[in-house]
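In order, the protein sequence lines correspond to chains A and B. In terms of the working numbering, the first sequence is residues 1106 to 1387. In terms of the working numbering, the second sequence is residues 4 to 468.
Since the hints were made in silico from the structure, they are not lab data. Hints should not be assumed to be uniformly reliable.
[As the list claims (entries may be wrong)] If the Cβ cut is set under 7 Å, some of the chain A residues that face chain B in the computed set are:
| # | residue |
| --- | --- |
| 1 | R1283 |
| 2 | G1284 |
| 3 | M1327 |
| 4 | S1361 |
On a predicted model such as this, the values are computed, not experimentally measured, just so you know. Cβ atoms here follow ideal geometry from the backbone N, Cα and C, with glycine treated the same way.
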Amino acid sequence: MNKILKKELLSPSVWLFEIEAPRIAKKAEPGQFLIIRTNEEGERLPLTIADFNREKGSVTIVFQEVGAGTSLLAQLNEGECILDVVAPLGKKTHIEKNMGTVVCIGGGIGVAPIHPIARGMHEAGNKVISIMGAKNKDILILEDEMRAVSDEVLITTDDGSYGIKGFVTTALQQIIDRGEKINEVVAIGPVVMMRSVVEATRPYNIKTVVSLNPIMVDGTGMCGGCRVKIGDEIKFACVDGPEFDGHLVDFAGLLSRQRMYKDKEKVESDHVCNLTKIKEVL
Amino acid sequence: MALQMTKHAMPEQDAQVRAHNFDEVALGYDEETAIAEANRCLSCPNPRCVQGCPVQIDIPGFISKMKTGDFDGAIGVINESNALPAICGRVCPQENQCEMHCVLGIKGEPVAIGRLERFAADRALAAKNEVKPITYAADAKKVAIIGSGPAGLSAAGELAKMGYKVTIFEALHKAGGVLSYGIPEFRLPKEKVVKVEIDNLKKLGVEIEFNSVIGKLYTVDELMEEEGFSAVFIATGAGLPSFMHIAGENLNGVYSANEFLTRCNLMKAYKFPEYHTPLKVGKNVAVIGGGNVAMDAARTSLRLGAEHVYIVYRRSEKELPARLEEVHHAKAEGIDFKLLNNPVEILGDDNGNVEKLRCIKMELGEPDDSGRRRPVAVAGSEFNLDVDTVIVAIGQGPNPLVQSTTPDMQTNKRGNIVADEETGATSKPGVFAGGDIVTGAATVILAMGAGKKAAAAIDEYLKNK
Ligand SMILES: Cc1cc2nc3c(=O)[nH]c(=O)nc-3n(C[C@H](O)[C@H](O)[C@H](O)COP(=O)(O)OP(=O)(O)OC[C@H]3O[C@@H](n4cnc5c(N)ncnc54)[C@H](O)[C@@H]3O)c2cc1C
Ligand SMILES: Cc1cc2nc3c(=O)[nH]c(=O)nc-3n(C[C@H](O)[C@H](O)[C@H](O)COP(=O)(O)OP(=O)(O)OC[C@H]3O[C@@H](n4cnc5c(N)ncnc54)[C@H](O)[C@@H]3O)c2cc1C
Ligand code: SF4
Ligand code: SF4
Ligand code: FES
Ligand SMILES: [Mg+2]
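Produce the entire structure from the sequences given, and follow the hints as far as they go.
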């Protein structure tokens, strides 16, 4: 049982929870994730550790309500407890000194997991250029936090309501075109975004790391449900990843597997929605 | 009275009915039948059956008590050697163990040792005998156990009774290992049997820390150096699923048996949407493999609504590694055995869903290293099975999480921990290991036996430390 210390709405349907978890906070590193079970009937939901505070003994998650599992989680309030939290899972991001210039790209709520990575890269003394992308100005999250850990921040919005009009790749291309020597790109966001970033860096041979989010169950390598094709190999994203060399990832396969339960998710979401309504009526 | 040459039948749910529910298939003896079956035992002075039991239960000893209706006495004898008899009576492959050696088996059927053990154990469970909590000495040493499967549970019970303060670290949110997430409800009831055994351990004072993945949250060294544990027993099982590495294995509708059974048993997908974890079972299902895991996946599919379920196995019926009883039950329920066939490719539709399993016929050639005749493909005999789900149940390997973070502990080339067969001692002082993580995928009773031996060795080690 882990207590919710803070609950904050970052943008419509995007929540930040700070959770009491001293054992996990001690060990967590950028790039790792946790798995949450909200209630006895609930699914096991994987979410990135968006931040950790070792002194306070807390970890932070930022998540978007997209279906039954995440909306049940969003119904919990400050002071209430989450039934199960297991972490830290997955490998940590490769961060070291003298990596040179690193471009950290976060799309949508992908900004939340990219933040500790940018911070880690920055603390290690690397030059950090961050690109934050959102559909429009209103749903951009964590701008101040990103500015605090970056040498330069570029913001893109699909509709041009803030920053550069276009996608994160528009900004990335600008950086490449101005002759900046990029040593590594780390991109986290929707699969289609990560795929476009990888296609943008491929011609220039820039090392590009992406964080994959296939459907998971245990998160410990026991089920194989999270398998993804990396080059010629099958990897389990929960233990071999979640970060991989983007130029080797089979994105089409990942997208297809993410859709596996589309029809069931609708049933589940309707069911939970009805339960919530019943609770409200009572 | 002439000796009855066959076992007394154990009542079971009708095959057509049980194929659609998750209730236990085998219903167990009643008292009268148990006594009658016990009376078939000859109480051999040199009982051969005992040699076949990995934990050497005094079989004629407990059976002779049952003959007189002394069931409390019987369970007392069993408990001297086996802490989880209600589980072993149900899932031991008796035909290869105790019952294989029974003298009655020479001319007829052996004594139904497993069924008798189950009867005595169930009766004790139903009686809910009070477990006395242990009063630990103020300076009791702490022992950490990694994994709550049968190996970890039996070691925990033994060590607690010796006065050690035991903490089990379990990666999942539930205890039991394969007993909870793998073996289905219809073969091993969770509330009635598994949970009761685990609750009894808790009453003894054993603590279980759930959601604790060792290798991630703590390393073995941290448990010993920072968390104050004087010894560690690693019982992490064989949890890493193998795949076939054939084309189409990443299509939607292809599961490892581990994932399929975990979604169903641990996450209760059979109660979807009341329980929220989804599981996709189509009309036609092919399960690859011939062991207990394959039988469980096949029979679970049937219960989840599949109309036609195939077992695809590359050898013949004789080589099926599953318990005989499971094969009989599977057949009675209508599982279609496609023996001497091997999958070569999984074919999908435009949406990335499984549509067909392409197989090739096999024939048995010369014996291989395992002594079994090696299956050889028959050229040009490929054919397609129309299926929408494929479940791969071809084996599990060791999960490397603990080994890779414990560099000074020796492993073999398959990744299993190297441990002394008698003591479970590894190459790292104070660290012991047992169960499937050492032997590779084996049986519940062997894992339990390993836990018990390791507990004794840990006691010895800590006393001399
Ligand atoms: C390593 C990892 C890190 C993640 N980090 C974050 C994060 O920081 N913030 C965030 O908002 N989301 C994150 N996700 C995605 C998040 O897990 C899913 O949005 C969530 O599980 C959806 O569940 P649901 O029941 O609300 O929605 P559903 O309606 O059930 O599903 C919506 C979609 O989410 C995906 N999904 C469903 N179940 C799972 C599952 N068990 N595991 C993974 N994906 C699933 C599927 O693609 C599905 O189509 C992460 C996923 C992974 C694997
Ligand atoms: C579907 C199925 C059916 C079977 N049927 C039979 C049968 O009928 N009869 C029979 O005798 N045998 C059967 N077996 C085999 C038997 O279940 C196993 O041999 C036995 O469970 C092994 O016990 P164990 O304690 O070594 O490991 P497991 O039961 O595998 O338990 C290991 C535990 O360790 C936990 N763990 C793993 N890694 C970590 C970590 N890093 N940190 C913390 N915890 C960790 C796991 O979550 C798990 O709970 C079956 C197996 C399966 C999968
Ligand atoms: S524990 Fe297993 S092998 Fe031993 S007597 Fe019981 S059923 Fe037979
Ligand atoms: S071998 Fe058979 S008959 Fe003899 S003691 Fe054992 S169970 Fe009884
Ligand atoms: S989530 Fe089960 S192996 Fe990765
Ligand atoms: Mg869901």
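Now the hints, each set against the structure:
| no. | hint | result |
| --- | --- | --- |
| 1 | R1283 | violated (40 Å) |
| 2 | G1284 | violated (40 Å) |
| 3 | M1327 | holds (4 Å) |
| 4 | S1361 | holds (4 Å) |
The earlier numbered hints that this structure contradicts are 1, 2.
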